[in-house]
Amino acid sequence: MKQGMPLFMLKKGQSGRVIGVSSLSDKGLRKSMSFGILPGTVIKVLQVFPVYVLQMEHTELAVDIQIVKSILVEKI
Amino acid sequence: MKKVVLVGSPNVGKSVIFNYLTGSYVTVSNYPGTTVDIARGRGTIYGEIYEVIDTPGLYSLMPLTEEEAVTRKLLEREQADIIIHVIDAKHIRRMLPMTLQLLEAGLPVVLVLNIMDEAERLGMRFDFSLLSALLGIPVIGAAAAKRLGLREIMRAIKGYRKVKPVELSYQDTIEQFIAYSMQRLEGKYGTWSRLFALFFLQGDQLTEVSFRKEKCFSDLAVKREEAAKKYDQSLDYVITLARQNKADKVVKEVVRGGQTQQRGFLNYLGRLAREPLAGIPILLFVLYFGLYLCVGKLGAGLMVDYLDNTIFSQFVNPWIKGAVCSAVPWLWLQSLLVGEYGIFTLGFRYAFVIILPITGTFFFVFAFLEDCGYLPRLAMLVDRVFKYFGLNGRAVIPVVLGFGCGSMAVMVTRTLETRRERLIATALLAIAIPCSAQLGLVLAMLSKNITALMLWGGCVLLAFAVIGTLSTRILPGLPSTFYMEIPPMRVPAVANLFTKAYTRMMWYFLEILPVFIITSMVLWVCDFCGVLTKVTLMVQPFMEMVGLPAAAANVFLLGFFRRDYGAAGLYDLSSAGLLGEAQLLIAAVMLTLFVPCVAQVAVMYKERGSMATWVMVLLAIIAAAVAGRGLYLLLQIVPLL
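Protein chains in written order, with the working numbering: chain A, 934 to 1009; chain B, 45 to 685.
Hints in this document: simulated from the structure, not taken from any laboratory. You may find that some hints are simply not true.
Below, in silico cross-link-like pairs of lysine-lysine (DSS-like), each with a Cα-Cα straight-line distance of 30 Å or less [as the list claims (entries may be wrong)]:
| # | chain 1 | residue 1 | chain 2 | residue 2 |
| --- | --- | --- | --- | --- |
| 1 | A | Lys-945 | B | Lys-296 |
| 2 | B | Lys-206 | A | Lys-960 |
| 3 | A | Lys-960 | B | Lys-257 |
| 4 | B | Lys-274 | B | Lys-259 |
| 5 | B | Lys-202 | B | Lys-190 |
| 6 | B | Lys-296 | A | Lys-960 |
| 7 | B | Lys-274 | A | Lys-1002 |
| 8 | B | Lys-296 | A | Lys-977 |
| 9 | A | Lys-977 | B | Lys-290 |
| 10 | B | Lys-202 | B | Lys-46 |
| 11 | A | Lys-960 | B | Lys-202 |
| 12 | A | Lys-1008 | B | Lys-206 |
| 13 | B | Lys-341 | A | Lys-1002 |
| 14 | B | Lys-117 | B | Lys-650 |
| 15 | B | Lys-578 | B | Lys-365 |
| 16 | B | Lys-267 | B | Lys-206 |
| 17 | A | Lys-960 | B | Lys-259 |
| 18 | B | Lys-290 | B | Lys-273 |
| 19 | A | Lys-960 | A | Lys-1002 |
| 20 | B | Lys-293 | A | Lys-960 |
| 21 | B | Lys-290 | B | Lys-206 |
| 22 | B | Lys-290 | B | Lys-274 |
| 23 | B | Lys-293 | A | Lys-1002 |
| 24 | B | Lys-232 | B | Lys-208 |
| 25 | A | Lys-960 | B | Lys-274 |
| 26 | B | Lys-273 | B | Lys-257 |
| 27 | B | Lys-47 | B | Lys-208 |
| 28 | B | Lys-290 | A | Lys-1008 |
| 29 | A | Lys-945 | A | Lys-1002 |
| 30 | A | Lys-977 | B | Lys-293 |
| 31 | A | Lys-1002 | A | Lys-944 |
| 32 | B | Lys-365 | A | Lys-1002 |
| 33 | A | Lys-960 | B | Lys-267 |
| 34 | B | Lys-117 | A | Lys-960 |
| 35 | B | Lys-259 | B | Lys-117 |
| 36 | A | Lys-1008 | B | Lys-365 |
| 37 | A | Lys-960 | B | Lys-650 |
| 38 | A | Lys-960 | B | Lys-290 |
| 39 | B | Lys-296 | B | Lys-190 |
No experiment lies behind these values; they were computed from the predicted model shown.
Next comes chain A alone, as it looks inside the complex (with noise of 0.2 Å):
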């Protein structure tokens, strides 16, 4: 296992290489992966406030902390 942090770690305009999604609950966890947050995807901290704005490939996409709290990343 690589070591990972979670992605709110990570700061403005920092980009990191999800290596695992752990999440309370199902439904979070299904909601990051229904938008490609999957081992390997490249996420660009966009925005951290008032919520977080990620980048992956060309989708923008805005969760709260809840979701960026159960994504692990290396940073790049």
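Since the structure of chain A is already known, use the hints to place chain B on it.
Same frame as chain A, but now just chain B:
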């Protein structure tokens, strides 16, 4: 008749294609989740008539919200001859897994890569024939909003031949479970049985429900437990990942390029609108320009004035009155048609002169906001505030639409995830959110006095906060997590704005005109046999408690039939000079909070059930009474006006 079903993620252009195939119109926008109902239409494609079905968007065949479940059930139930899966070409990597799900369900799929123009601008190149070969299904590139590729879609429908698509295989443990369950299941699942076995492993609720009826259910559940033990991650995760890997492989082979960054003014504006520093000023500007200037000043001010004072009062009314009085000898019929509560003088006049311009301008502004892609940005900006009220940013759409028409908005609360959120949103819509007709008239009446307008705004905001906070504390549960795709900002097509505003207008009008006419007839009957006077007398003490003249009782009676109708009555009272500044404010606040119109109550009843509806109606009456009395006392102590 052959059936064609359009499916796909929200905001990929299904409705545009539907409109083209059927020649009819359903609402199209740049906002995920505009289609909350299934739309059916007929289209002639190369001489053959097809039934075409448009569905609410869904991200995966495993539904997360009610409207997504609607589409999934439709796919199971309807034996579609062709499923057109529409995806946004630039998001192919993310959307292809659902194509794979559709294929796993054994459905006859045609894949449409839509919005090709935006993908091409990003430098993406697609190998369509290879994609078609890899998946074993027809694949078409299109830019439906620009009218490109639509003929090809029609040709693909016409020439569709069922082929055997690729099969997707999973790890042994999962395949063993599939084989086992397909052997044991007794229900008729047709081509879906393989996908259902997978969904069962993934913990899909709908599958769980139908499998519960199976004799082998407990065996399956045990097998599922065993399978789950073999992985560190949940089965849902493992299966989704496998599907995504397959999609990734395909994408890698058929897509080239796509590194070009988006630039330009719209992109810049889109970024500004989602960042709080610039976003809040932009929001205030939208409110000021869209609501205050367009709906308030232009719609409710200028247009209502002109229609009422010039067109109707000077030309239409005298002419109709003259015509009716000379043609109809009976006094009672005269008063039914053109009397104080006459069908023409009250029903038609209110609908055409007062409501039409206000609601029309609102729908136009709303259409603009929808199509340019501003609303999702608004949703994310207000998410934190809405969380406080037990909702999340997604609720911004029903709430904003509620400022147009509450009935429409209650229907749109279906896009919210939990029953709790739907209840809270419905309550807010019922009590604290004025519809465009009310809003327009209140703005028009109070705008002469800025203090009164501020006080009114303060009262309504307070009511919003109180209702929101209360329902959050009373109803158990937590706000659900917020997620929303932020589409690129686009320049709206003017023709589409007009069509959209017009379609919503027509819906509204067809729904309200009968109510207006019935209301004026009911009031006429009550007036004729003296009931109206009695009811007015009964309500009078309450009116005195809040310092309103007896005549205002009528406004609330009218308001019971329709809120906008009541607002129009208020407008009449104030034009007649029967209300002072303070009284006008109290009446405006009370009417805003008072029970929603008949139509909205009916929609609430249908969507939320009788119990919830009655509680909300009761709450609305209490809120109006408390606010009215409180404001009356306050103004006595502190004479602000």
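A quick look at each hint next to the structure:
1. A:Lys-945 / B:Lys-296: 29 Å, holds
2. B:Lys-206 / A:Lys-960: Distance of about 35 Å is beyond 30 Å: violated.
3. A:Lys-960 / B:Lys-257: 24 Å, holds
4. B:Lys-274 / B:Lys-259: 25 Å, holds
5. B:Lys-202 / B:Lys-190: 22 Å, holds
6. B:Lys-296 / A:Lys-960: 29 Å, holds
7. B:Lys-274 / A:Lys-1002: 26 Å, holds
8. B:Lys-296 / A:Lys-977: 21 Å, holds
9. A:Lys-977 / B:Lys-290: OK: Lys-977 (chain A) and Lys-290 (chain B) at ~24 Å, within 30 Å.
10. B:Lys-202 / B:Lys-46: 10 Å, holds
11. A:Lys-960 / B:Lys-202: 39 Å, violated
12. A:Lys-1008 / B:Lys-206: 46 Å, violated
13. B:Lys-341 / A:Lys-1002: Outside the cut-off at roughly 46 Å; violated.
14. B:Lys-117 / B:Lys-650: This hinted pair holds, its Cα atoms lying about 20 Å apart.
15. B:Lys-578 / B:Lys-365: Roughly 28 Å separates the two Cα atoms, so the pair holds.
16. B:Lys-267 / B:Lys-206: 34 Å, violated
17. A:Lys-960 / B:Lys-259: 28 Å, holds
18. B:Lys-290 / B:Lys-273: 24 Å, holds
19. A:Lys-960 / A:Lys-1002: 14 Å, holds
20. B:Lys-293 / A:Lys-960: Holds, at about 27 Å.
21. B:Lys-290 / B:Lys-206: 22 Å, holds
22. B:Lys-290 / B:Lys-274: 21 Å, holds
23. B:Lys-293 / A:Lys-1002: Given pair Lys-293 (chain B), Lys-1002 (chain A) holds - Cα atoms ~29 Å apart, limit 30 Å.
24. B:Lys-232 / B:Lys-208: Cα-Cα ~21 Å, so holds.
25. A:Lys-960 / B:Lys-274: Distance of about 22 Å is within 30 Å: holds.
26. B:Lys-273 / B:Lys-257: Distance of about 25 Å is within 30 Å: holds.
27. B:Lys-47 / B:Lys-208: With a Cα-Cα distance of about 20 Å, the restraint between Lys-47 (chain B) and Lys-208 (chain B) holds, given a limit of 30 Å.
28. B:Lys-290 / A:Lys-1008: Given that 30 Å is the threshold and the Cα spacing comes to 25 Å, the pair holds.
29. A:Lys-945 / A:Lys-1002: 15 Å, holds
30. A:Lys-977 / B:Lys-293: 22 Å, holds
31. A:Lys-1002 / A:Lys-944: Status holds; Cα separation ~14 Å.
32. B:Lys-365 / A:Lys-1002: 69 Å, violated
33. A:Lys-960 / B:Lys-267: 23 Å, holds
34. B:Lys-117 / A:Lys-960: 19 Å, holds
35. B:Lys-259 / B:Lys-117: Given that 30 Å is the threshold and the Cα spacing comes to 23 Å, the pair holds.
36. A:Lys-1008 / B:Lys-365: 78 Å, violated
37. A:Lys-960 / B:Lys-650: With Cα atoms ~27 Å apart, Lys-960 (chain A) and Lys-650 (chain B) stay inside 30 Å; holds.
38. A:Lys-960 / B:Lys-290: 23 Å, holds
39. B:Lys-296 / B:Lys-190: Satisfied, since the Cα-Cα distance of roughly 27 Å is no more than 30 Å.
The structure does not agree with the numbered hints 2, 11, 12, 13, 16, 32 and 36 stated previously, though it agrees with the rest.
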